[in-house]
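Here is how the chains run, residue by residue.
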Amino acid sequence: MGSDHASAPDLPAVCTTGLSKSYGRHRALSNLDLSITPGQIFGFLGPNGAGKTTTIRLLAGLLRPSSGAAAVLGLDVVRHRDEVQARIGYLPGDFVGYPQLTAREYLDFFASLRPGTDRQHTHALAERLALPLDVRIGAMSHGNRQKVGIVQAMGHRPELLILDEPTTGLDPIVQREFLSMLRTVRNVGRTVFLSSHVLSEVEAVADTVGFVRDGALVAQSGIEELKGRALHTVELTLTGPAPVGRFERVPGVRRAESTAGGVRVWVEGSMAELFRCAAPLGVERVATHEADLEQIFLGYYEDGAA
Amino acid sequence: MSAPVLAKALRDHRRGVAGWSVGLLCLLLLEGALWPSVRDMTGMDELLAGYPEPLQELFDLEAMSTGVGFLNAELFTLVLPALFIVFGISRGAQSVAGEEERGTLELLVVTPMSNTRLLIEKAAGLVAAVLALGAALFIATMLSSALFDLRVPVASGLAGAAALSGLGVEFGCVALAAGAATGRRGVAVVVSAVAAVAAYVLYVAGLLVADVGDWSGWSPFHQALSGGPLGRELPGSSAWLLLGAVAVVAASAPVFARRDVRHV
Numbered sequence: 036m037g038s039d040h041a042s043a044p045d046l047p048a049v050c051t052t053g054l055s056k057s058y059g060r061h062r063a064l065s066n067l068d069l070s071i072t073p074g075q076i077f078g079f080l081g082p083n084g085a086g087k088t089t090t091i092r093l094l095a096g097l098l099r100p101s102s103g104a105a106a107v108l109g110l111d112v113v114r115h116r117d118e119v120q121a122r123i124g125y126l127p128g129d130f131v132g133y134p135q136l137t138a139r140e141y142l143d144f145f146a147s148l149r150p151g152t153d154r155q156h157t158h159a160l161a162e163r164l165a166l167p168l169d170v171r172i173g174a175m176s177h178g179n180r181q182k183v184g185i186v187q188a189m190g191h192r193p194e195l196l197i198l199d200e201p202t203t204g205l206d207p208i209v210q211r212e213f214l215s216m217l218r219t220v221r222n223v224g225r226t227v228f229l230s231s232h233v234l235s236e237v238e239a240v241a242d243t244v245g246f247v248r249d250g251a252l253v254a255q256s257g258i259e260e261l262k263g264r265a266l267h268t269v270e271l272t273l274t275g276p277a278p279v280g281r282f283e284r285v286p287g288v289r290r291a292e293s294t295a296g297g298v299r300v301w302v303e304g305s306m307a308e309l310f311r312c313a314a315p316l317g318v319e320r321v322a323t324h325e326a327d328l329e330q331i332f333l334g335y336y337e338d339g340a341a
Numbered sequence: 005m006s007a008p009v010l011a012k013a014l015r016d017h018r019r020g021v022a023g024w025s026v027g028l029l030c031l032l033l034l035e036g037a038l039w040p041s042v043r044d045m046t047g048m049d050e051l052l053a054g055y056p057e058p059l060q061e062l063f064d065l066e067a068m069s070t071g072v073g074f075l076n077a078e079l080f081t082l083v084l085p086a087l088f089i090v091f092g093i094s095r096g097a098q099s100v101a102g103e104e105e106r107g108t109l110e111l112l113v114v115t116p117m118s119n120t121r122l123l124i125e126k127a128a129g130l131v132a133a134v135l136a137l138g139a140a141l142f143i144a145t146m147l148s149s150a151l152f153d154l155r156v157p158v159a160s161g162l163a164g165a166a167a168l169s170g171l172g173v174e175f176g177c178v179a180l181a182a183g184a185a186t187g188r189r190g191v192a193v194v195v196s197a198v199a200a201v202a203a204y205v206l207y208v209a210g211l212l213v214a215d216v217g218d219w220s221g222w223s224p225f226h227q228a229l230s231g232g233p234l235g236r237e238l239p240g241s242s243a244w245l246l247l248g249a250v251a252v253v254a255a256s257a258p259v260f261a262r263r264d265v266r267h268v
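If you read the protein sequences in the order shown, they are chains G and D.
This note's numbering puts the first residue of the first sequence at 36, with every later residue one more than the last.
This note's numbering puts the first residue of the second sequence at 5, with every later residue one more than the last.
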């Protein structure tokens, strides 16, 4: 078990086709088609109630699809559930441990359920997150409980990590450490499926991002591509007058408006043309705002709503 | 072969079994302490002879003049069966449905262990807990007998404890199975409690109504209590209790393996 399996290059780590789940008349997920290349961190984004948790619980084999299918590590999650469950690590969105057990007892219990778990590795992970091992889970802060859940999910070096909102309750320092642990996992060829509604953390680690809304996948793309497509705001302070119309004709510029000391333009992709045009006008100062995922993300929602 | 879920179940039941055992011991000692004064009552036999026949049979009143009969009438025909059933149902409902409602079940499911194996280990833990309580009952009975001169033969003590354990196992497994099939503790408790009451009604009706008599053999109460229960020996029909327990758990396994695990 472990990294040697994980890098089978042809099989997607996760592949769903028309995956749907309904509860009575409520459709929690409809026709999700998703394919995730192994060896990357996939950020699964969407507002609460969009279907993220439903998707994750379907992939973990906790729910049965109403229609469609999901394959995890090349195996159908319904037909090969136990094998899938042996090879993934899972952190639920609201992790609950046994309150009467200490973290060490809890992790040892799960190690005994997963043959081949290296307890030293588990304890090393705990140490990295500064998790106190000999405190009863019931007496722990929310953040420490969450760490128990994280270590439980990662301790057996699963080929695919499925994490539902993993950074909930973690303080920023631990959050950073955790994200670097995810990069380590990715760097040895394993796959991480991470859901979140916190965009900054996804932006910090994910290679690919999928947006889900109202139970359906809205978009999926590489994070760099996504950012490349994004609008940047550039504020130019000019010594002379600002000919807004001239800026609007520059390739890549979507919009321009005059400001007190110059001009503000929204540009997509390369800024070379913009600066070529601006240079003769006497540029005193430039401020650019890189578009973050939030804007892109909101863009998707606005498009969808329109 | 390691059985981590069973090992944890045993650990979880430990405290409950200890508490209940102390309770049983107190109950048996208290009841035993009454025996010398009951034995010395005059006119007891005349009083009992006046009771309707079905009632005499129900509480084994005929034998009230012996220590064994006294314990049967006072504890082993109603109070102790009820206690063992309550213990079995509460533990059984807790085993799968309780974990599911608290949110700890889903991580147990997302392991290499199959749901069926999980259910079997949970059932084994439940059976072990009830048997441990049965052992405590046996010890309490013999201790009370020795202290207050009830003269309960060891074989009778064993038969009584085994019969009541059988009832606890049977209805505990009904609760476990109903909880595994539905994921709801409330449903597990209601289903198993209704089953227990229905079984008791069938048993009592069998004693009162001649036409029902043939059917009462189906009642777990009949299977467990018809021998005394603190009696000569364990009736062969008590094997049905175990068979019934195995059957309900086996019936719930495919449902548990296929249904959605509920989200808290």
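None of these hints come from the bench; they were simulated from the model.
Cβ coordinates follow ideal geometry from the N, Cα and C atoms, glycine included.
Be careful, since some hints might not be right.
[Said to hold, decoys possible] Not everything, but these chain G residues come out facing chain D in the computed CB check (under 7 Å):
#1 Ala95
#2 Pro127
#3 Ser147
#4 Val285
#5 Val288
Hint by hint, here is what the structure shows:
no.	hint	verdict
1	Ala95	5 Å, holds
2	Pro127	6 Å, holds
3	Ser147	4 Å, holds
4	Val285	52 Å, violated
5	Val288	48 Å, violated
When held up to the earlier numbered hints, the structure conflicts with 4 and 5 and fits the remainder.
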